[in-house]
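Those protein sequence lines, which keep their order, are chains A and B. Its first residue numbered -1, the first sequence is counted upward by one per residue in the numbering used here. Its first residue numbered -1, the second sequence is counted upward by one per residue in the numbering used here.
Calculated from the structure, these hints are not laboratory results. Because the structure is a prediction, the values reported are computed rather than measured. Glycine included, C-beta positions come from ideal geometry on N, C-alpha and C. There is no bait here: all hints are sound.
Computed Cβ-Cβ distance ranges for the label pairs, DEER-style:
1) A/P186 x B/A52: 31 to 37 Å
2) A/G24 x B/A52: 28 to 34 Å
3) B/Y233 x A/D127: 20 to 26 Å
4) B/D124 x A/D124: 17 to 23 Å
5) A/I41 x B/V107: 22 to 28 Å
6) B/I118 x A/Y233: 21 to 27 Å
7) A/K187 x B/P210: 56 to 62 Å
8) A/R154 x B/P7: 26 to 32 Å
Number of protein chains: 2
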Amino acid sequence: MAYELYYWPGIQGRGEFVRLALEEAGVDYVDVARGSAKDGLGIRAMLRVMNEAAHPPFAAPFLRDGDVLVGQTAAILFYLGPKLGLTPKSETDRLWAHQIQLTVTDLVVEAHDTHHPLSIELYYEDQKDEAARRAADFRKHRIPKFMDWFETILDRNPAGDAHLVGRSLTYPDLSLFQLVEGLSYAFPKTMKRLLKDTPRVASLHDAVSRRPRIKTYLQSERRIPFNEDGIFRHYPELEGQ
Amino acid sequence: MAYELYYWPGIQGRGEFVRLALEEAGVDYVDVARGSAKDGLGIRAMLRVMNEAAHPPFAAPFLRDGDVLVGQTAAILFYLGPKLGLTPKSETDRLWAHQIQLTVTDLVVEAHDTHHPLSIELYYEDQKDEAARRAADFRKHRIPKFMDWFETILDRNPAGDAHLVGRSLTYPDLSLFQLVEGLSYAFPKTMKRLLKDTPRVASLHDAVSRRPRIKTYLQSERRIPFNEDGIFRHYPELEGQ
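For reference, chain A alone in the conformation it holds in the complex (with noise of 0.2 Å):
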């Protein structure tokens, strides 16, 4: 039976981590809330789970696979990696994988925040000038010193700096591919200028994006564009001079 990923249609955001894993282990996923009512599908169908399932997520995105219900991006790599061939063979590699995904999603969080530092309730455009604050914050200290831990963690690596966790890929890789895209989209002029530094990281990024099904999922349908109802937003006034 084919997965079941339940998240909000029109934005790449926490879902796509998902996604990218699915895509690489080409297995059959339905992208539920991006179907149609008429088979079932759409946001309604999402919104159902989250109201009457014995363990309902807090949020989206989550995963269905046959019985079992999982919400939290990071908890839903977990479980999925070992059944998509995407999670490193050791108790102890496995669980530096999911470390390495746990600190991916506060960076994320982070990113979120450069654009509504004070309310998800405000629009941006109500609480721009705290966002600037913010957003200055984020590119001069937060996104380096992340940057910096992926390069460390990938010079580290004793079986080479190919992918951070042992010598294959794993999904941690597919979700540094994805911060990479994303931070470049919303702040490009400091990625640009940061991926100088970590060239590991860089080489990583450019190696996934050129993976055979990674690389026909982003030209096809199914890769939502970036826009500016997401995570990542491009709003240059962010980025400063």
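Based on the hints, put chain B in the right spot on chain A.
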């Protein structure tokens, strides 16, 4: 060998979620950064691990257990749970417990950002106005949304509403206790009101506080008092009138 917990001394912070699990289990652990440099402990010992480890944690807290080094609060608890007898038996329930813990993590980030909405590089005093706006949103929208979710999942637990997962104590119960403690310290009026509408959460909180080892711990010097350097801070102006 004793577990080694690494976290900033002087605050409960994220380390406290791990401490509560270790204390409830009654196992030996060393709170490394709170120790003395002449014993090879203290902050420098912590920073050394962060700077030199093959798998360096992005941030504290992290835990060392022999050869295993693991960071990210939720990942530490996922690792420790089975060893401490604080995790459910089935794989599905373990994933659910972890998912709950990751939702606790999300709320902790938001609690922190009420006093630091713009930047952790600035003092609270330099972002007081923004903090007041973010805190108002947090009190009005976010705490209720999370509290309602915890109440709902207690209510829907097929094994009864005394615990979040199954019929006995697991680590997310301890973390929910700590959330209620912290939020009640930071926003006492808000929480007093909300706990009336979430009686299952209130009751679980009280039950945890009466557990013999937790009670002893809370009265010990090992429990650092809440203060205005931690994640949960009491600034009366952030609770409004």
